[in-house]
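Construct the complete structure from the given sequences, taking the supplied hints into account.
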Amino acid sequence: MNSQQIYYIFDLCKSPNLSLSLSFITMAKQHARWSPYDNNGGTCVAIAGADYCVIAADTRMSTGYSILSRDYSKICKLADKCMMASSGFQADVRALQKVLAARHLIYQHQHNKQMSCPAMGQLLSNTLYYKRFFPYYAFNVLGGLDNEGKGCVFTYDAVGSYERVGYSSQGSGSTLIMPFLDNQLKSPSPLLLPAQDAVTPLSESEAVDLVKTCFASATERDIYTGDRLEIVILNADGVRREEMELRKD
Amino acid sequence: MFRNQYDTDVTTWSPQGRLFQVEYAMEAVKQGSAAIGLRSKSHVVLASVNKAQSELSSHQKKIFKVDDHIGVAIAGLTADGRVLSRYMRSECINYTYTYDSPLPVGRLVVQLADKAQVCTQRSWKRPYGVGLLVAGLDESGAHLYYNCPSGNYFEYQAFAIGSRSQAAKTYLERRFESFVSSSREDLLKDALFALRETLQGEKLKSSICTVSVVGVAEAFHILDNETVQSLIDAFEIVGEEVHPATEEGDASEPAADQGALAPADEGAAPMDI
Amino acid sequence: MNLVDSNQAQNNLMVSEAASERTLYPYVTGTSVIGIKYKDGILMAADMGGSYGSTLRYKSVERLKSIGKHSLLGASGEISDFQEILRNLDELILYDNMWDDGNSMGPKEVHNYLTRMMYNRRNKFNPLWNSLVLGGVKNGQKYLGTVNMIGVHFEDDHVATGFGNHLARPILRDEWHANLSFEDGVKLLEKCMRVLLYRDRSAINKLQIAKITEEGVTISQPYALKTFWNFAAFQNPTVGAEGSW
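Chains A, B and C are the protein sequences, given in the same order.
Mapping the first sequence onto our numbering, position 10 (from 1) lands on 10, and the numbers just tick up by one.
Mapping the second sequence onto our numbering, position 38 (from 1) lands on 38, and the numbers just tick up by one.
Mapping the third sequence onto our numbering, position 3 (from 1) lands on 3, and the numbers just tick up by one.
Misleading hints may appear alongside valid ones.
[Stated by the list, open to error] Selected chain A positions facing chain C (Cβ under 7 Å, derived; list incomplete):
#1 Asp38
#2 Ser66
#3 Ser69
#4 Tyr72
[What the hints assert, rightly or not] For lysine to aspartate or glutamate, the following EDC-like pairs were computed, each having C-alpha atoms within a straight-line distance of at most 20 Å:
#5 Lys77/A to Glu155/C
#6 Lys248/A to Glu175/C
#7 Lys142/C to Glu139/B
#8 Lys113/A to Asp237/A
#9 Lys113/A to Glu226/B
#10 Lys69/C to Glu139/B
#11 Lys108/C to Glu139/B
#12 Lys113/A to Glu218/B
#13 Lys108/C to Asp138/B
#14 Lys65/B to Asp224/B
The set of hints was computed from the structure by calculation and includes no laboratory data.
This one's a predicted model, so the numbers in the text were calculated from it and none came from an experiment.
From the three backbone atoms N, C-alpha and C, an ideal C-beta is built for every residue, glycine too.
Written out as structure tokens, the structure is:
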């Protein structure tokens with residue numbers, strides 16, 4: 001069971017050796033092997049500032065070359081000051097969101113308060129790692145405000161390793177967006193001692209504009225990104241939403 | 001000592017067709033400090049009296065949020081109440097996970113009652129020693145239920161449980177007919193008035209009571225102390241210094257007739273006697 | 001990880017699959033289902049073919065079914081799995097009705113339940129081989145959603161499974177609007193079904209259209225669409241496409 005499950009992951013990672021060996025075996029079978037995974041695409045970005053956090057994702061959901069929906073929100077509110085944007089396999093993403101929602105309810109019953117963003121960050125990591133051997137094929141960025149009201153962004157892989165950063169991108173367009181953000185935001189090196197604050201120096205409106213530029217660009221080259229951009233801005237005043245139309249082709 | 005030979009075991013019937021252990025569990029509910037509930041078409045209010053075990057201790061929590069649309073107030077063994085409210089919370093979470101919608105109140109109450117019933121039919125179990133007032137809202141409207149240790153449950157317009165609850169019940173019985181069309185504020189007012197009846201002359205202050213509301217477009221929540229105090233002040237509920245004593249254990253209450261309980265002995269649970 | 005290792009694992013896999021029972025591929029399948037919202041509710045269309053591979057094995061399969069008072073379900077994919085799903089839902093609705101307490105499952109609840117069912121089965125590596133469309137109306141709220149055999153699901157104003165996603169949805173994106181009357185909705189669905197009939201090899205010219213509104217479900221008697229096969233492209237498909245075939 002386990003080895004089988006791991007193979008699907010490798011297959012999705014397009015490991016050349018493995019897909020070769022798999023196709024060799026399925027030759028005799030005449031049937032396309034069923035896969036429990038799909039990649040529904042989508043791109044997520046989050047940027048943390050001194051007193052705000054911007055979380056954004058497109059609303060396209062695809063399978064292969066088909067678009068399933070042009071209006072599927074990838075951003076999920078997990079707590080008052082904590083948003084998760086997720087791409088990857090939609091069914092896993094939804095299951096993950098439901099598990100986190102249930103866990104957050106239990107937390108609220110037990111502690112009489114909302115979970116903080118760093119706490120949710122750890123919970124998300126644990127939840128992903130719990131399914132290490134049949135992973136959630138979900139690529140997440142978590143954005144929000146920490147207990148000091150400072151913007152925070154956590155970025156993850158599918159099996160739960162994570163890091164607090166000043167900005168991040170995940171999903172199908174991340175290869176296009178991430179280097180651009182690196183270039184524009186020039187965050188202090190994590191090797192610097194004493195450690196420098198990772199939050200970006202941009203103002204809130206500059207960050208929102210940067211996000212819009214990122215997606216407008218990614219949509220040009222990534223077929224899995226497009227239709228509409230959803231932007232959520234968290235700051236001391238609360239939650240604000242913006243949106244922008246993207247290319248639909 | 002033993003009142004008779006049929007009360008050592010939950011599953012043994014008395015020749016009169018009674019289960020004494022179950023009735024003792026219902027007595028435990030009466031020992032707890034009072035909890036009341038009342039509802040209108042759109043809102044349900046739960047309120048409870050907080051009584052500290054000793055001068056030096058704080059009081060125990062008597063009202064629990066189960067979900068955004070359901071809350072409970074308990075009287076009796078608080079420990080059992082906590083276990084049951086935890087069960088109710090998990091049932092609500094599971095239902096929402098499967099159906100993406102809130103669990104209908106009546107269905108949760110039946111599940112809860114079935115859970116209590118099992119304890120009356122197993123030799124190795126003990127009935128829950130707690131009564132629960134379940135307040136909730138679903139597509140069929142606002143609801144108030146009372147669940148008791150026997151596994152019985154009843155739907156009410158207004159009800160009170162716990163020590164000296166008879167006084168509150170009398171108050172509610174006088175006024176319940178108008179509750180259906182009451183506003184949220186009127187409901188709160190009646191809740192506080194009914195609660196005061198159970199205090200036997202003690203002054204009603206926010207520090208000795210908990211009040212909670214659930215209603216249309218209002219998730220279940222416990223009002224904070226300041227809000228409750230301002231309500232009390234607004235309604236000018238001043239405790240009368242000399243209040244006609246309304247003793248509990250009235251003849252109208254079931255199971256009280258045969259058990260010659262000493263009504264004054266509040267500290268002792270019925271099974272200790 | 002080398003090739004020998006992975007072959008080894010693959011062989012173990014085959015043994016474990018032979019020892020247990022699970023769907024590795026479908027036997028009898030139904031093709032596309034299309035669903036749209038319209039002014040008063042939801043309309044759905046599906047043909048009645050049941051294909052055994054490329055053989056047209058069954059010609060009168062009902063693939064649109066009502067679920068309780070407020071929901072309508074359409075299925076493509078493995079017919080036997082669909083029938084099992086129907087048995088499950090029948091039980092669900094029966095238990096819901098048995099409470100007799102004024103609460104009832106709406107389309108949202110049924111869709112979410114289906115979503116969990118499909119996803120749980122994929123987690124057990126034993127999928128229900130279907131793509132489902134669920135529509136309904138409750139308390140004036142229209143609902144239209146879909147879920148597939150691995151649990152991918154979403155809501156939209158119009159949805160289609162299988163070939164319908166390639167051939168019908170572009171038409172729907174062009175012509176659909178929220179204020180469609182019943183007649184215009186049916187016309188739009190028939191247009192889509194006709195395109196599918198022309199270009200989807202397993203589609204047949206015997207279909208049903210179902211409607212669900214606040215008043216309840218109506219599923220039409222089976223009927224056929226008027227077709228016109230004398231289009232030039234049908235007459236000689238290779239003209240203008242030199243080099244193919």
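**Item:** Hints violated by the structure (listed by number, smallest first)
**Value:** Checked against the structure, no hint fails, so every one of them is satisfied.
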